[in-house]
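Protein chains in written order, with my numbering: chain A, 1 to 283; chain B, 1 to 75.
By construction, these hints were calculated from the structure, which means they are not laboratory data. Keep in mind that the hints are not guaranteed to be accurate.
[As the list claims (entries may be wrong)] Quick list of the computed label-pair ranges, beta carbon to beta carbon:
no., chain 1, residue 1, chain 2, residue 2, range
1, A, Val248, B, Gly24, 24 to 32 Å
2, A, Pro76, B, Val72, 30 to 38 Å
3, A, Tyr85, B, Ala5, 56 to 64 Å
[Claimed, not checked] Among chain B residues calculated to face chain A with C-beta under 8 Å, some are:
no., residue
4, Met52
5, Leu54
6, Leu64
7, Val68
Ideal Cβ positions, reconstructed from N, Cα and C, are used throughout, including at glycine.
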Amino acid sequence: MSGELLAAAAESCHLSTGGCGFPAPGKEIFFFDEIAKFTIGTTEFAVTKPMILLWMSVIVVVGFFVMAFRKAKVVPGRMQGLAEYGYFFVRDGIARDTIGKEGDRFVPLLFSFFFFIWMNNLWGIIPFAQIPVTSKFAIPVAFAVIVYLAWVPLGVKRQGLVPFFKGMTMPRDVPKVMYVLLIPIEILSNFIVRPFTHSVRLFANMFAGHMLIATFSIAAWYLFPTNLFSEPSAVAVLGLVGSATSTVVTIALTGFEMGIQALQAYVFTLLAAVYLSDSVNAH
Amino acid sequence: MSLLAEVTGSLGSIGFGLAAIGPGIGVGIIFGQGVQAIARQPEAYGVIRQNMILGFALTEALALIGFVAPFVFGA
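With the rest of the complex left out, here is chain B (with noise of 0.2 Å):
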């Protein structure tokens, strides 16, 4: 079969990159959000900071097991 195109050297990183797009979206959308209702509404601080830290989690994960995959299946 004949190679229409090639990746070499460090796919692990390509994949972490293409892996981080997505989260880095969604965590940027989450603080941006969360200090703007923080802006509107001082007094729900906690609330808000404490759903903020949960989605923020929540979305984070999408990239970390990007970062992992690398080095449990191998480079």
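Isolated chain A (complex conformation) (with noise of 0.2 Å):
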């Protein structure tokens, strides 16, 4: 954690003794003292928070989609009917809708990304451990970079090298004059800017979301009045109406996120599967 926060907090200098300005959270609440150390080769690897979290969610949705489907039933129970509600939503809502007949074979893929990413965005709303996975930038990217190596050899495997390339970088019915300016700009907006999109929505969503918290939750902290009794002043009423404020906000913030969280996991899901559809029809 920041260090000037925590000198901040030690000091526990508040608006109305005096203060030491407001400690406004930076980059730095995204990153995190190492737990443990350990050595492969000659690499060594750091756990950090947000590591352990990373793999809780792995052990928290594999679990429950293993319990709610170990014992299937035909008339399904109440965790199995929820498993099958977030089934469908992906293969009905996302795979068929977006890609179509052939959507089925991805649904695996879209079916883990979706709840994998959602589960990593909601630790940014469960107490103690309150940071997005996918606020850290190395994991969106992870993911972003399997969707591509997943779309574009894909692409070339259905529909041939020259004419997969020329369906994404020539579209039809231009003049021909025009596919001097199109090929440039089709080539950076379909290779390179949309991998590079596709992590930062996911990362600077989380990122923005966790820094608006931090903010407010820091506000609340730092305009709360510790001698509103003792020596009241203009100052301390202030703050505590402030410190209210700021609290009520942070509530509905939270609640906020809950909705930004798992809309994020849905557009990151929808656009892989948009991907994937380019490379399954021809244009």
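Two chains, two frames, some hints: make the complex.
Printed below as a string of structure tokens:
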């Protein structure tokens, strides 16, 4: 955690006690001290909180669906019903709607993406975890790379090397002269910017959301007047009002984040499906 | 070189503000038109909603890049 924030907490500098400036959270709130270390070969790996949460997401997601489907019944119980609802949501709502009748082949990939990302996002609002794992850029990047390595080779395999790249870079029914302009733009947008925005979208949403919650939580703590009764002042009263408002905003933002987390998991999966459909269905 | 004008303070915030104008308008148009489309054809709700979210996600990316850039390149 941030040294500045901890120092501010140790000095207990609140606004009404003289204050030491608002300790605004920076990007350092996303960096954690290492808990343990291990070495593979000559490479050292540090175990940090997001890493443990990442492993826990695997356990939670796999555990939930194994539990739900281990003794699958024709008439589903409560847990199986919920799991089936999730499965149908991905299969019908994402895979079949976007890719078409071949969509069923990609359900395992999309299904894993959706629930794994959602769980990783959810850590952001679960008490004591309180860091969305996807707000570490490496993780969305890894997801985006998997999608990129899936749809590009798939398109080459399905459509052939030349037709695939032709379809991706040369839109039809365009005057020939325009290709001078269009081909570089299409290459840039389809093969270079696409994986970048695909990962940044998820990362930045989680990063921004976590930052917002952190800012308002710190504001609630910083504005809280510890000396309201011992030495009442206008600043202390105003601080109390501000602190209460910040608390309410923190709670509201937490609710808002819950929506964003599910939405971003959905958007990531939907875009993965759209990219796969570019490869499967020729233009 | 003499300066004509200078901006000081948090340039990252200004950058994000500028980056958010376009996507702000875009997202507004997308959801406005989406709601209108749903009102005209409620039976096509599923398809419209999916495309609405897709368009929203693609538009929003620009604003988010504006948000992340100051952290990456320093204020």
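Taking the hints in turn, this is what the structure says about them:
1. Checking the proposed 24 to 32 Å range against A:Val248 and B:Gly24 shows it holds: the Cβ atoms sit about 25 Å from each other.
2. Taking 30 to 38 Å as the suggested C-beta distance range, the pair A:Pro76 and B:Val72 does not conform, at roughly 47 Å.
3. With their beta carbons about 58 Å apart, A:Tyr85 and B:Ala5 fall inside the hinted range of 56 to 64 Å.
4. A cut of 8 Å between beta carbons decides the hint on B:Met52: the least distance to chain A is about 11 Å, and the hint is violated.
5. Evaluation of the B:Leu54 hint against chain A yields a held restraint, the C-beta minimum of about 6 Å falling below 8 Å.
6. Hint status for B:Leu64 relative to chain A: holds, with the closest Cβ pair at about 4 Å, below 8 Å.
7. Contact between B:Val68 and chain A, as hinted, is supported at the beta carbon level, the nearest pair being about 5 Å apart and thus within 8 Å.
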